[in-house]
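Asker: Listed below, chain by chain, are the residues.
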Amino acid sequence: MSLVRAERLTKTYRSGGLEVQALLDAGFAIEPASFVAFVGPSGSGKTTLLNLVGCLDHPTSGRLEVLDTDVSKLDRRAAARFRGEHIGFVFQDFNLIPVLTAYENVEYPLIMVQRWPARKRRERVLRLLDAVGMADQSSKRPDQLSGGQKQRVAVARALVSDARLVLADEPTANLDHQTAHLVIDLMRRMRDEFGTTFVFSTHDPKIMGAAEVTFLLEDGRIVSRQETREVAHA
Amino acid sequence: MRDVLRMASRNLSRYRRRTLLTLLLIVIGTVSVVLFVAVTGSFKAMMVGQITDSVLGHLEVHRKGYVASIDNLPLNLNLRPNVVAKVEEALQGTDAVETYSPRVKLGAMFSNFTETTSIRVNGVDPAREAATVPLLPGRMLEGSKEGPLVNKGEILIPVLLARGMRTKVGDTVVLVATNRDGSVNGKTFVVRGILESISGPGGRDGYVHIDDARNLLRMQEPEVSEIAIRLRSPARLDQVSARLKDALEPVITKEGKPMLEVHTWADLSPFANLARMIDLMTLFIKVLLVSIVLVSVMNVMIMAVYERIREIGTLAAMGTLPGRILSLFLTEGLLLGIIGTAVSTVIAIATIYALNVRPITFSFGMQQNLLLTPAIAASEVAAIAGMVIAVAVVASLQPAWKASRLDPIGALRHV
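If you read the sequences in order, they're chains A and B. Counting from 1, position 125 in the first sequence corresponds to residue 600 in this note's numbering; the numbering is continuous, with no gaps. Counting from 1, position 76 in the second sequence corresponds to residue 95 in this note's numbering; the numbering is continuous, with no gaps.
FYI, nobody ran anything at the bench for these hints, they're computed from the structure. Any given hint could turn out to be false.
These stretches of chain B come out as covered by chain A in the derived footprint (C-beta under 8 angstroms, 3 or more residues) [to be verified]:
#1 74-84
#2 103-109
#3 301-315
Part of the chain B face toward chain A, derived, beta carbon under 7 angstroms [to be verified]:
#4 Asp22
#5 Ala336
#6 Met337
#7 Gly338
#8 Thr339
#9 Leu340
Note that the structure is a prediction, hence the values are computed from the model and not measured. By construction, the Cβ of each residue, glycine as well, lies at the ideal position given by its N, Cα and C atoms.
Generate coordinates for the entire structure from the input sequences, incorporating the hints supplied.
Answerer: In structure tokens form, the structure reads like this:
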């Protein structure tokens, strides 16, 4: 059973009176615990696709199921609830809250979204920080961390609430090549450890090869699917 | 809710500069409101006190129609002894009444043997008058304040009359008055003291002993023109006035109509209008300063939302429900209001205390060296605090609503 299944997924924007076809008839399936990349040049529809899968946006037409839920029909509140329960996000700009420490940033979803009790919360946050190798930096604020460290914290935050699916939009775009690989390796390791499905977008050819399944997007269409390695199941 | 409270307080402590700026605005506004209310309240209380404690008393009882023609001081509307006894009985049965003073009021000609002028005179029982209007002896500019307020054969005259008639303490003067029947009588008095004039009714009256007034008017029986009443608590003025009216209602004329009327000081003094203006001005200033707090908090909260759009987008993307985001920002506003109000209250009360320890002196009209001792009721402070907290929450409502409605995609793209 696929974790994500899309059929004839289309997204059209109106921008300055013009219709922009961001995604056209996209069909794909993502299996549980897979490590998937959507690759393509800027403007190819990667972010739009991740926004749709992440229930941040609605498709103009087509069908999109995530965890057997037709997310295209979810209203704003239901979509938020669904994201909170099942989906984690890693952003290109890290999007850590600047006034909070690494620990507090990871803890944030457990307080504001899932409302875990304090003790359980603490155990979970420390475990995740340890898993991403940031346990010794937990009291530092984002401006005291390097780009790679920030993204590690962001990965921990995405995983902290037991998300089944983590969506990472260009997670390495603001990192140097070496750090980018470290972050991708970390994500794959987290997939192995927690069985979470990781879907990321990138236009960096050196990163593309790290995915087990790669979808190539061009002008809003998925033009190819390539399996580079066997999909690992948790 | 406890989590939201914790997150909100943490956000406020971390966004320190913005929090301090907002708190500063709240504190300036609230302290200004509290101090203004305390100072104007004290000014008003002092002015009311001057009027009630040196001339009018808190309440006065007259025969019906007397106040309407008070400028003529009509002797035919005096209270007979049997009526006075009924009034005294009612007053003695009212716990809220501290004391009272019967007065005989008359208009007379005042002569220093070379010049003559008119004067309004109060015939009073010195001890009871001093107890009812305790600031009256303090108005004595010249003459001895020792002993009774005024002895038989003595007169206290207002300073303006003393200057105009070039009359000094110890001089002998003559009062000539017409009694109810139209016959004229005169009596000599020694000037015992010269009184400071104050504005308002009775503020430029002379005082003689009540027995002298009755003798001058050749009264057959001890009539009274009015009874001035001092209350234990001026705050209960309206309540006591109503009770007294009820108690005196059974005193009726031969025609079966009510014989007596009860007036508060506010009914008798034009200063009541000034007091109402002070109240109105206080309200206006309150509204103005609270508006400043409202606009300030709203401005800072709008800026806070604007600066934190990416944070809000991240929160929304992570699945935070709009209501939770709304409550987070509202709680921040609420906490700002509570902290700001708490700090303001401490500063304001400390300032009021300091102003009471080292009072400011000022002049008002002819009255010099009046002490400004601001005071404010706890209920008033609580009302202002409640209003400021409510305003802080209301000011946060629009930015909080905006934050909760932000589109996560747009918010995440925000630079």
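Asker: Next step is simple, just say for each hint if it's right about the structure.
Answerer: Right, here's what the structure says about each hint:
{"no.": "1", "hint": "74-84", "result": "violated (count 0)"}
{"no.": "2", "hint": "103-109", "result": "violated (count 0)"}
{"no.": "3", "hint": "301-315", "result": "violated (count 0)"}
{"no.": "4", "hint": "Asp22", "result": "holds (5 angstroms)"}
{"no.": "5", "hint": "Ala336", "result": "holds (5 angstroms)"}
{"no.": "6", "hint": "Met337", "result": "holds (5 angstroms)"}
{"no.": "7", "hint": "Gly338", "result": "holds (2 angstroms)"}
{"no.": "8", "hint": "Thr339", "result": "holds (5 angstroms)"}
{"no.": "9", "hint": "Leu340", "result": "holds (5 angstroms)"}
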